[in-house]
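*Asks:* Required output: the full structure, derived from the provided sequences and hints.
Below are the chains, spelled out letter by letter.
Number of protein chains: 2
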Amino acid sequence: MAMSLYQASIAPCLQSLTALSGILNKAAADAADRKIDPAVLLQSRLYPDMLPLVRQVQIATDGAKVGGARLAGVEYPSFPDVETSFEELQARIARCIEFLKSLDHEAIDAAADRHIEFSVAKRAMAMMAPEYIYGWMLPNFYFHVTTAFNILRHNGLAVGKRDFLGEVPLLG
Amino acid sequence: MAMSLYQASIAPCLQSLTALSGILNKAAADAADRKIDPAVLLQSRLYPDMLPLVRQVQIATDGAKVGGARLAGVEYPSFPDVETSFEELQARIARCIEFLKSLDHEAIDAAADRHIEFSVAKRAMAMMAPEYIYGWMLPNFYFHVTTAFNILRHNGLAVGKRDFLGEVPLLG
Chain A
1 MAMSLYQASI
11 APCLQSLTAL
21 SGILNKAAAD
31 AADRKIDPAV
41 LLQSRLYPDM
51 LPLVRQVQIA
61 TDGAKVGGAR
71 LAGVEYPSFP
81 DVETSFEELQ
91 ARIARCIEFL
101 KSLDHEAIDA
111 AADRHIEFSV
121 AKRAMAMMAP
131 EYIYGWMLPN
141 FYFHVTTAFN
151 ILRHNGLAVG
161 KRDFLGEVPL
171 LG
Chain B
1 MAMSLYQASI
11 APCLQSLTAL
21 SGILNKAAAD
31 AADRKIDPAV
41 LLQSRLYPDM
51 LPLVRQVQIA
61 TDGAKVGGAR
71 LAGVEYPSFP
81 DVETSFEELQ
91 ARIARCIEFL
101 KSLDHEAIDA
111 AADRHIEFSV
121 AKRAMAMMAP
131 EYIYGWMLPN
141 FYFHVTTAFN
151 ILRHNGLAVG
161 KRDFLGEVPL
171 LG
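Order-wise, the sequence lines are chains A and B.
Position 94 of the first sequence, counting from 1, maps to 94 under our numbering, and the rest follow consecutively.
Position 145 of the second sequence, counting from 1, maps to 145 under our numbering, and the rest follow consecutively.
Hints are not guaranteed to be accurate.
Chain copies aren't distinguished; within one or between two, either way the pair holds.
To be verified - Cross-link-like lysine to aspartate or glutamate pairs, in silico, DMTMM-like; alpha carbons within 25 Å at most:
(1) Lys35 x Glu98
(2) Lys161 x Asp62
(3) Lys161 x Asp81
(4) Lys122 x Asp163
(5) Lys26 x Asp104
(6) Lys122 x Glu167
(7) Lys161 x Glu117
(8) Lys101 x Glu167
(9) Lys101 x Glu83
(10) Lys122 x Asp104
Hints in this document: simulated from the structure, not taken from any laboratory.
*Replies:* Right, here's the structure in full:
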């Protein structure tokens, strides 16, 4: 017995993007309460040569979108990196979730024997689809979601692990 | 076709713990170069009510160890939370990797139809094993590895995404 590729790849992204949306909603409300300009939070970073919050959210959604499209063998929509508000980031997350939900489960599950080929900084990469999911797609994705969370925590937002995990797939 | 539970759970933890060990080695060398007391880094945090680096590494290793043991249906060794140096954290990571490598692949793969039951803060939780992997074990694990990375980046360590990803399972 095993795990479907859909379950291993798209399900966690949906759980985590929904959680990220909730965290960003709390961040927007908290910024209003504390009279913080949301644009300041969107440009906050943990170190000068790290990427700011807005980029972490953009890259997290891109990772889920591109990963899902590669697994399903379909084209993906372009999400221009133009967001300047929490509302616009929410719209991007919603578009990403909508795209992930539109993907064909069977096409993704059928990718198990396929190679995934792509390039990073002009370096060609190839992995079998299961390795692509566990060794590339998910660690990259969680890196950016966690870093978005950490940037907000570092700026005093009162969120915790439950917010990060989102709706856990409990039995019953 | 699908993905084995072992591939979905233990393989990413081995990749990421090995990467974390490399990052901590760079942190130790960098601390020596910059004349930073390693104990200061181990107690660094991103916000006063967040956990420090040493706890992030402890919890990441615990998550991998406990998750692997639950999936395989075996007991796990105790790792007392007593580390006060990078060397001791490296020993803990090495013990965790050794334990994960000792787990029976077939026993883990056979967990696909099993419930995983545990409790968090006295709340009983139950999930099917695939849901446990993607909805609990991995997001928690990556949260702590990424936060360890982010604490070190925030303190000026020059590491990047390649260090975080570690050895990617490329074809060929």
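*Asks:* Tell me, in ascending order, the numbers of any earlier hints that this structure violates.
*Replies:* Numbers 1, 5, 10 - these are the hints that the structure violates, sorted from lowest upward.
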